[in-house]
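K.L.:
Residues per chain are reported as follows:
Number of protein chains: 2
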Amino acid sequence: MAANSRFAVATHILVGLGYLPEHSPDHLVEKGGWVSSDMLAESVNTNPVVVRRLLGDLKKAGLIVTQQGKSGGIRLAKPSGQITLLEIFLAVGEKSVFAFNPNPPNPKCPVSVNMFRLIEPVFRSVTQVLEQDLAQKRLSDLISGIS
Amino acid sequence: MAANSRFAVATHILVGLGYLPEHSPDHLVEKGGWVSSDMLAESVNTNPVVVRRLLGDLKKAGLIVTQQGKSGGIRLAKPSGQITLLEIFLAVGEKSVFAFNPNPPNPKCPVSVNMFRLIEPVFRSVTQVLEQDLAQKRLSDLISGIS
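From first to last, the protein sequence lines stand for chains A and B. Numbering (this note's numbering) for the first sequence: 5 to 151. Numbering (this note's numbering) for the second sequence: 5 to 151.
Take the hints with a grain of salt, since some may be wrong.
Stated by the list, open to error - Derived list of chain A stretches under chain B, where covered just means 3 residues or more per stretch with a C-beta under 8 Å from a C-beta of chain B:
1. 21–28
2. 37–51
3. 66–73
Everything labelled a hint here was simulated from the structure, so no lab data went into it. We put the CB at the ideal spot given by N, CA and C, even for glycine.
Between the sequences and the hints, there should be enough to build the whole structure, so can you do that?
P.N.:
The following block contains the structure:
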């Protein structure tokens, strides 16, 4: 999985957790709304290991709860209207949009020694507008769009 | 070079092209303000090949002009106050912030078949706010910050 598809797949998982318990035939989702990680992996169409790794991140961020055992599974930790896409973005630790020049500055060049200080606020600003945008979008908006 | 440091390095190059001709000792920048690609590579502190590749992209985008020959080199194609960071971002073809789930949708799952349609507007919105932010920032703002 490409590093920066983690957000897309995590969002997919959470849409599944919000949608499937109420719309899936009874035999696919256990009573109580617990969804299995295998079912999520089938929906994402990927290896269950990939899904379980992301579930670990989502659990740590307080977005899902899990229950062990045969009739257990995974559930959203709160209503989907209370989960913003920003929370998902932060939960999966998506790498930054931009990376700095990986090479150390050249001390002999006035441009080089100043460059980090000049571009850091640009990156910060971009990250901020991106996060503000994601904070305005809710998981429930996506779930309600399923036809 | 990490794929997503292309924007940082291209910006560094253009800051150099805006700053060095007016501030560098005479013997480093040729008369006429032509900067050599070797000097830019020393500033970025990387292999000249990396710099030349980015220069190719910046030239194609109309942000720089080059002149062959011993007294030639590279120059900004227009004043730095007329170059936005968005133009640099678009010139280097930085990959998108987010990637879609690389796996094909599972036709048996109503979440899976809808997911691309649901998340595509989210990605588009994020790209738009990011580009709007970069469009408001000018190369000259960075150059004037060099101490």
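K.L.:
Can you give the numbers of the hints that this structure goes against, from lowest to highest?
P.N.:
Number 3 - this is the single hint that the structure violates.
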